[in-house]
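Novice: Listed below, chain by chain, are the residues.
There are 2 protein chains.
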Amino acid sequence: MPRVVALAGGVGGAKLALGLQLVLAPGDLAVVVNTGDDQEFHGLLVCPDHDTVLYTLAGLADRERGWGLAGETWAAAGQLARLGEPTWFQLGDRDLALHVHRTRRLRDGERLTTIALDVAARLGVATRILPMSDAPVRTRVRTADGWLAFQDWFVRLRQEPAVLEVAFDGAERAPSGRAQMTPEVQAALAGADAIVICPSNPLVSIAPILAVPGIRDAIADARRRGIRVVAVSPIVAGRALKGPADRMLAALGEEVSALGVARRYIGLIDAFVIDEADAALAPAVERLGIRAVVAPSVMTDDASRAALARIVLDACLA
Amino acid sequence: MPRVVALAGGVGGAKLALGLQLVLAPGDLAVVVNTGDDQEFHGLLVCPDHDTVLYTLAGLADRERGWGLAGETWAAAGQLARLGEPTWFQLGDRDLALHVHRTRRLRDGERLTTIALDVAARLGVATRILPMSDAPVRTRVRTADGWLAFQDWFVRLRQEPAVLEVAFDGAERAPSGRAQMTPEVQAALAGADAIVICPSNPLVSIAPILAVPGIRDAIADARRRGIRVVAVSPIVAGRALKGPADRMLAALGEEVSALGVARRYIGLIDAFVIDEADAALAPAVERLGIRAVVAPSVMTDDASRAALARIVLDACLA
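For the protein sequence lines, the chains are W and L, in the order given. Quick note: the numbering used here has the first sequence finishing at residue 347, numbered continuously throughout. Quick note: the numbering used here has the second sequence finishing at residue 347, numbered continuously throughout.
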């Protein structure tokens, strides 16, 4: 069975990651997750994209709500509100336990990657879920009112102010303490038979991963070895299936379509999976030097997740 | 109405503190709580005696279980166990929220006292609940197997190993960073019309408070002003009403009786309330230079808590 590395953000990425996990042998998948949207709440480090992937791959995610754990309770959140803590970023009781645990171990000096691997194992996940870096990278967005931490914009302000600029502090900036590719991500990319870019937001889920020094080069090295990189469009029929990618592309002056996303991946990927609804864009994608794969790409259940995973793997390995 | 300062540990102290709160005008009571049994769990500071007093005075305590919050849930504890955290010290979901909140504020640089006053106000408590110090004091006990953190002995080992010695790190030791009386405790004692020592364990609840540099002297200053100090025996008919005080006194070679406790308070208190069951000890207490007050001292409901509070205040103020 092939060893596969997927790059993923939150919900959309987690869906395809689950599809890949369903069709690959246990342990043959590694998911490199965006940590740019990590943020401290109540003094605890919360890693929303990592945890969405973790809970999804562990079979613990709440699929109806779209985030957090199924059967979650909210007693602690109520008490935190009573004590005056801002609670616009909702943390359920069992979710809070993970943040308490992870923060304790970070303060004890462990690496984020070590903790993630151990937590996934304890929750029964054979897939390696790898934070894109151990050192913090923090995505910020500039709006008309200035720079905001990502979750402030994403959750508190419900993505309403238009995004004029995106920055990845710790990756692009502050060279002295800046993040770098971890040994685990390096080893996963060096040993990969296929690399998949999940249908996550290209601007704030995939871009921060690629901004971590070393990762883009490691992907390029893999391609020089003949390994194919295949991305899946998060934009279908001009709309993001989930989240603000469409509005962000528009505000940044880019084309709001699968083709607009493909343009961002020029030189990075070999093939691009676009939905049947966007079949007409295939020739334009191919003119970018990217093979276009037209397929049903909307994942509504485990069967469609696995089906899309097979299409992606075929594009990588065929 | 008189202004009263009570020194208290956990459950027994909280009961009399509630009685005093019931019979005094709102805000006329300050409770100086033991912080010697504070300990970090999951990287969060837990203050068991403080929180027992807080929850009791806020009307939120679980009276049947004897600790924690009424109607508490345990979802986070289950997840912490699944993640491999030791969970012998049980923390409910809403209780955990307080520890998260307090730890966040301490890490932000606030004083423990400031946080305690704010938390009590948010939970609707007019009584000032004052940690005995802002800097950590940590009670340790020596057993045949060596020194243990207090909660390790108290909860994890269920108080089974005999205690050969007690130490209050941070109060008695480590002079450079050692704890001292806070301005709030100093002001409360300086303005007190009466000082009450609650029926808490004299060895590990009251002794650490008195070990904080400044507190014993401030009580002596109050007595020189004519303020009376009245203690209530936590030992009735040779047994501790709650907790290990009787076994600890025995292991340390002291008399396991109200008289044994009175001996520890020589020179500190003016009067000592002993239960009717111990009326025969009254002459021996008086021979120590302490007025003996014989009264029903077992608190089973709010009426008996208030009744004992009135007896104590009468002994202070009559």
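Fair warning: there could be bad hints in the mix.
To be verified - Covered stretches of chain W (chain L as the covering partner; in silico rule of three or more C-beta atoms under 8 angstroms from a C-beta of chain L):
(1) 102-108
(2) 171-181
(3) 226-239
Said to hold, decoys possible - Below, a sample of chain L positions facing chain W; criterion: calculated Cβ distance under 8 angstroms:
(4) Gln108
(5) Thr116
(6) Gln119
(7) Arg123
(8) Leu127
(9) Arg133
(10) Leu146
(11) Arg254
(12) Val322
(13) Val323
(14) Ala324
(15) Val327
Worth flagging that the hints you see were computed from the coordinates, not collected in a lab. For every residue, glycine included, the Cβ atom is placed at its ideal position computed from N, Cα and C.
Novice: All hints, please: hold or fail.
Specialist: Tested hints:
no.: 1; hint: 102-108; result: holds (count 6)
no.: 2; hint: 171-181; result: violated (count 0)
no.: 3; hint: 226-239; result: violated (count 0)
no.: 4; hint: Gln108; result: holds, 4 angstroms
no.: 5; hint: Thr116; result: violated, 10 angstroms
no.: 6; hint: Gln119; result: violated, 13 angstroms
no.: 7; hint: Arg123; result: holds, 4 angstroms
no.: 8; hint: Leu127; result: holds, 7 angstroms
no.: 9; hint: Arg133; result: holds, 3 angstroms
no.: 10; hint: Leu146; result: violated, 13 angstroms
no.: 11; hint: Arg254; result: violated, 38 angstroms
no.: 12; hint: Val322; result: violated, 40 angstroms
no.: 13; hint: Val323; result: violated, 43 angstroms
no.: 14; hint: Ala324; result: violated, 38 angstroms
no.: 15; hint: Val327; result: violated, 32 angstroms
Hints 2, 3, 5, 6, 10, 11, 12, 13, 14 and 15, counting from the list given before, are not met by this structure.
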